[in-house]
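Asks: Chains as they are written, first to last, in the working numbering: chain A, 3 to 575; chain B, 3 to 575; chain C, 86 to 368; chain D, 86 to 368.
FYI, nobody ran anything at the bench for these hints, they're computed from the structure.
These numbers come from a predicted model, not from an experiment.
Glycine included, each C-beta is placed from N, C-alpha and C at the ideal position.
Any given hint could be a false lead.
Where chain C lies over chain D, by a calculated footprint (3+ residues, C-beta under 8 Å) [to be verified]: (1) 158-170; (2) 191-204.
Computed cross-link-like contacts, DSS-like style, restricted to lysine-lysine with a CA-CA straight-line distance of at most 25 Å [claimed, not checked]: (3) K398(A) - K347(D); (4) K446(B) - K398(B); (5) K398(B) - K306(C).
For reference, the chains in residue letters:
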Amino acid sequence: MASEAFDVNMLIGGQAGQGMQTSGQLLAKSLLKLGFYISTLQSFHSRIRGGHNYYQIRLASTPINCMTRSVDVLLAFDENTLWEHQGELHADSLSIFNSEKIKVDHGKLKGRLLELSMSQVYPEAVTDEIFTNVVYVGVLAGLLNCPEAEVESVIGETFNKGAGVLEKNVAGYRAGRKFVQDAKVSNPRLTNVHPEKQERSLVLHGNEAIALGALAAGCRFYTAYPMTPASTILETMAHYMSQAQVVVEQAEDEIAALNMVLGASFAGVRAMTGTSGGGFSLMVEAVSLAGMLEIPAVIALAMRPGPATGLPTRTEQGDLEFAIHAGHGEFARVLLSPGTHAECFYQTTHAFNLADRYHVPVLVLTDQYLSDWYTRVPEFKMEQVTRDYGPMVEGKADYARYALTDNGVSPRMVPGRGEGLVVVDSDEHTQGGHLTEDLAVREKMVKKRLQKIEGLKREYFMPEVMGTGQDTLVMCWGSNRGVVADVVAHFQQLGKAVTWMHFKQVWPLPEERLRPLLSAYRHLVMVENNATGQFARVLQGETGVTIAQRILKYDGKPFLFEDLLTALEKLLV
Amino acid sequence: MASEAFDVNMLIGGQAGQGMQTSGQLLAKSLLKLGFYISTLQSFHSRIRGGHNYYQIRLASTPINCMTRSVDVLLAFDENTLWEHQGELHADSLSIFNSEKIKVDHGKLKGRLLELSMSQVYPEAVTDEIFTNVVYVGVLAGLLNCPEAEVESVIGETFNKGAGVLEKNVAGYRAGRKFVQDAKVSNPRLTNVHPEKQERSLVLHGNEAIALGALAAGCRFYTAYPMTPASTILETMAHYMSQAQVVVEQAEDEIAALNMVLGASFAGVRAMTGTSGGGFSLMVEAVSLAGMLEIPAVIALAMRPGPATGLPTRTEQGDLEFAIHAGHGEFARVLLSPGTHAECFYQTTHAFNLADRYHVPVLVLTDQYLSDWYTRVPEFKMEQVTRDYGPMVEGKADYARYALTDNGVSPRMVPGRGEGLVVVDSDEHTQGGHLTEDLAVREKMVKKRLQKIEGLKREYFMPEVMGTGQDTLVMCWGSNRGVVADVVAHFQQLGKAVTWMHFKQVWPLPEERLRPLLSAYRHLVMVENNATGQFARVLQGETGVTIAQRILKYDGKPFLFEDLLTALEKLLV
Amino acid sequence: MDQQAYKGMETAWCPGCGNFGILNAVKQALLELEKKPQEIMLFSGIGQAAKLPHYMRGHVFNGLHGRALPAAQAAKLANHRLTVLAFGGDGDMYGEGGNHFLHAIRRNVDITVLVHDNRIYGLTKGQASPTTDLGVKTKVQTEGVINGPLNPLALAISQHCAFVARGFSGSIEHLTTMIKAGIAHPGFSYIEVMQPCVSFNHINTHAWYKERIYDVAQDGKHDPTNYLSALEKAEEWGSRIPLGVIYRNDRPAYDSLCGALKNGPLVDQVFRPELIAQFIRHY
Amino acid sequence: MDQQAYKGMETAWCPGCGNFGILNAVKQALLELEKKPQEIMLFSGIGQAAKLPHYMRGHVFNGLHGRALPAAQAAKLANHRLTVLAFGGDGDMYGEGGNHFLHAIRRNVDITVLVHDNRIYGLTKGQASPTTDLGVKTKVQTEGVINGPLNPLALAISQHCAFVARGFSGSIEHLTTMIKAGIAHPGFSYIEVMQPCVSFNHINTHAWYKERIYDVAQDGKHDPTNYLSALEKAEEWGSRIPLGVIYRNDRPAYDSLCGALKNGPLVDQVFRPELIAQFIRHY
Ligand SMILES: Cc1ncc(C[n+]2csc(CCOP(=O)(O)OP(=O)(O)O)c2C)c(N)n1
Ligand SMILES: Cc1ncc(C[n+]2csc(CCOP(=O)(O)OP(=O)(O)O)c2C)c(N)n1
Ligand code: SF4
Ligand code: SF4
Ligand SMILES: [Mg+2]
Ligand SMILES: [Mg+2]
């Protein structure tokens, strides 16, 4: 089936509990089944019912790196949704709603309207509102001209409970579809929207990619205290508990979680925890402990807007400097900052390798946007995953956990394997691991622990760079990769000499290697989801290269394509 | 009594529990009573008995800013002490010990020896070792030629328990004194050591100065969990509990401590907590909370070597960057870094004022050295202490805790005073303090909270600068002021063009005002008690001025005069 | 004054949530005690339960998950003239905040704490809480809960908590009485409130509770001053669930023992510079 | 093998400290159970008590103040073939670490915990601990302790802790028996050890304890499987102090319930990439 290039953005909005998440997911699932490239953005309030939530689905003929603001189809479950999103509509946009429930002054609404009388379209959905979702799925599927049978098969998979329920759902779907065909809505943007079948791709969100990464790395112990937006890593891991022989335990608090990780890791298994800023705050003492004990630990830090409780269901990149310096005393650590789902997966496997090879805490830094970002991506390959457990020995009787070595890394042993004893101590300690107040030993141990930073810098994941010319460099880290890549590509197509650079590791920074890279450009721009330009400050501090321009966003939402487009346009004139 | 310039360094060493702390304190007390300028350094192991501990007393004819390495008189309670400190002796040093307990090969010992047979000098001290201390006090007092009666009066004050005990102590003291007079030890350094009576001075350690500062600021609530070296602030506050109407409560953990401070402060009283790095790690979430709630909070952070438990009874300045960035999310805070006992006192009072005027957490950053540094200082003046509670209102019914203002600071009200209600919330909130998910409000509130940084920078305590010429600038912060001042003065006297600068506030830094100050010098040197040069990095990052030279020490001990002398000599050739 | 005097912002709870009943009882109790909003300080952590203070009028300190109690105790000590209440869920108070709960019982500051125990993590969408029953499956406890459930009443009684009661969000009148008694009792008053969560707890529903609850006061047999029989009552769970004052004693409150509070609320104390000058001169 | 097999570094405790007796009993128990140092993992926090693992031979994890239990439980789950013991003081385990203690009881992982209860903060030089008696004056509690002392035994029993015993550092043989029984008992075994601190606790001295202790097992009357009588025993304090197994039950240990451990210790599981590839393809 030949297909033209297309790019459609749909927004389904209403109150929490009204089920527009079900519609969205059903539709997304169907579209995905059909092989579309889709990507979704969910905007939720921190409540279970009510409020204004929405679910955005973008589908396109090429892989999608970010979300757009401009809405082509608006499906409103309540009146509020109509008004809230007027600013995102264009003249051709189509707003769909049940005119029996929503009565509005048409003149005030932008774009075109497709009103539906539910009692006529599918009376069953008036009796039981639960069937509203599937009607709208029909409407949208009809609009997009999706193959009928395939959507029905998804519906079949979803509602395989009681025979009656499934039938009513299929009927509702067909009714919605029929309605839209009868209505003969035409929209150039919505025709010829046909997928090319994508082989071997996955549909998941960032947290699932991280959990799969942990499993692929051989993680055997995952413990966390629930915290949005990190909880779904815990839930995904819990799903595989018995199957994958991984202990998944909900800790009494975050302090316990990281101390448990260290205990499990000490005993010889790969272990991980995940949380958001508030929970990470509570882990800080144990981060310092990991530094002192030199025990591998992997921590997923899914950021949300702070300080304190902040906006629990929104996104921000506000904890970077905190994470870089978290924990009293001086010790080495690594911060990885994946920008794609594939990086979520592979960087998590790397995190375990780095942790094991250097015996340091490694953070995988994401944010709510990436955590919840649900999209289609190429399949992750187990063949590309290595598991490097670092230097290990079967301990002789004189085994010394902190034996001084050339690179500050002392071979580990698994307690119980061999004659040696593994002794680790949070006090300053001897090579054997016992507490000491010998200040000459102290000096040696400080050097040993800090020496690892050199090794880590040598192994730094250099940033991804795309573009030519030495004029403007637009930099970002973590979840902003997609939007920066797309917006900069847009300018590149317009012939601008602009390059983008994505940092998938933000600490430690090999200043010597980065300096020439940055100095090569005339204008440096940093794009971040925080209010003070944290990575710009860190990068500037480390390299000494001034980063003059910062594009910042800190209202809890990710950059949409248009946001960055507008901001960059001003800089690129 | 005329007096020549003098400078004597005595070291009393032995095992914990042997009582050399008693001797040291008794002697110190006597010397202080006599009006000497003295200063002490205590080196303790983290245990109650045994190990090698020592007590160093330096006395001089002028105020003492730091301690020296070179020891003039070594009083050894055990053999180990003799050997441990050989490296600090010079040809004229006098080593004193009980030859009945310590048998050593004289040839191997440096300097001169004064051996004493306790059974001959004071047999009572053989029967009951408790009297050993006072004999040595006699020996040292005799050596220093202290007025006999005055030392006896101190002994009288100290041992007023039972009549028999006092008499035996006085007798022991006299015996020691007689012994040293009979022995006719002569030492040019120890003659003509006469104090000038110092009027209106205090003898205390840094933590007592901080506690007094808190009381002088009107602190009414102090809560902490015991942690070396901060515990003595808690203990000093507890001493005044009923007298000063200050609730002093030992919290169940550090998390509770800072959350309690916020509760008390919310209710309208000045409140404070104190801890060391490990405890501060646990407070980090509540630091972020203070930033979000905009509740004044004062935290004393007395640093010790980390990571983790580290060296609990030693000193380090290793938590600076951690403290600057502690807490998730972005918000304003202040870090004061007193360098003297007077600064401990006055900066603590300022801390309360800044906290109240900006509604931010303020940290008073010290370290074990300054916390425990016991010395004579000029009296603190209550007349010089202001108490500025910041903008307060008696709340009308429409009182809004987070009303938007020009400078980001919204007037506070005390709950219960007036009609208004005080509502604070750790979620993002409206001006009225209630939780909101309005993202436009979010943006305004972020700006409000961060705007305070500008005000705080305007009120920055500019560093103290001493010297002329634009060649070399030696910088430091916190407890290193004394040693840097003395060593640089030494080079200045030698005619070197070198200046010292002490930062008594390390965050936030007004980069615009500091840049020209630093750029004026050709060579910049930073002296710090940590392994990575944290303040140098911060200052460089903020101002963009490169600080090429760092003198670092991280073995758990403070810089002694000679340490810095040697290090600076190399740089100043 | 009527309940309207306490009306706060619009609620964001699910329709049918047990929290509404608790909110109702709290307002009613304060009304009956004639406490003005200006005379009460309401503390909470984070969770569905912890939103309650926003839906009331009073001074509000909505702090961190698990940390309501330290702030509440300190505020009371700073101004013991005001009435202090704290609210939180089972995760908030027994999980993240377990240590503060334990030590607040020991400290015995005169505050009243309501734990809205829906036996689940509501706000974070349905993970097990410390009180979730053995075997219950959730998205995290995919093979069923294997940690023994906490018995918070037994915990409190075992440490001689000054006042321990149990209420039910569906028995508003009874709960109102408990809250009033808790506020009246000097020292740390703890009220465990059984609360259905219609979204995530499909076991301990409103009907489930209705079938089981009974008032310990009804037959006059339970002596709440008897430590062991109180512990016995605290163990009762299953076909019959006791409501009411399970345990109380007359330990003096911290506020009455603390030397620094002898002259009245801290917040009213006048600063005396000469006193501090005197301390200073002592060094 | 003899006790020498467990000899670790030189101790730094004060002469006369009760910790010596505890160390002795631990070594003796392990000896009698024929555990090689390679077969035991010893966890501790920070404090005088928490130094114990350094004075032994075994795998040692000396972590943070208050945080021994999370690490110990996790290590056991990572390798449940090894014997896990944890040690800490009253401040460590009941103060800073109170929440972990509470939830470790619920989790019931098969480890054995000794709390060296000297009723004071030893290492930090004599502040009150959660178990310090009312009225005791210290440098911080300058007007005497006003917080009610914790009753840790009652706490543990109230939550149906699998094994609860009390020992005395001065009754080494008895303590040895308790430790052996604790190790043998599946699930979380908690042994409260009364320990004199000669430097900072001048009330609860060795002699003070000697005068008061008695063995509950002696008259055969105490039934440690009876919840209420165990709680009654836990309340006994003053002229007579009971030693021995105060409470136990046969709750299954976490280790035996956890699906992920069915195939043996985690640490021995072989990584199966094809399994993960299968999971991945499912998305
Ligand atoms: C430090 C920290 N960890 C985790 C969270 C996330 N969180 C918010 S509420 C909550 C638990 C909610 O359960 P509960 O306390 O029982 O209250 P409920 O919603 O059931 O009323 C959690 C885990 C948080 N806000 N802060
Ligand atoms: C987070 C943290 N807070 C405080 C301390 C300081 N600290 C070390 S040991 C200790 C308490 C010691 O008392 P206990 O646990 O009863 O042990 P003991 O020394 O009496 O055996 C404290 C408060 C610390 N190391 N870490
Ligand atoms: S999720 Fe449960 S506890 Fe939360 S508001 Fe809904 S019903 Fe109430
Ligand atoms: S201080 Fe007390 S507990 Fe610590 S070693 Fe000395 S006697 Fe033992
Ligand atoms: Mg709950
Ligand atoms: Mg103790």
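Asks: Evaluate each hint against the coordinates.
Replies: A quick look at each hint next to the structure:
1. 158-170: That given contact is violated, which follows from only 0 residues of the segment 158-170 of chain D lying within Cβ reach (below 8 Å) of chain C.
2. 191-204: holds (count 3)
3. K398(A) - K347(D): Outside the cut-off at roughly 30 Å; violated.
4. K446(B) - K398(B): Status holds; Cα separation ~24 Å.
5. K398(B) - K306(C): 51 Å, violated
Figure legend: structure checked against the earlier numbered hints; hints not met, in rising order: 1, 3, 5.
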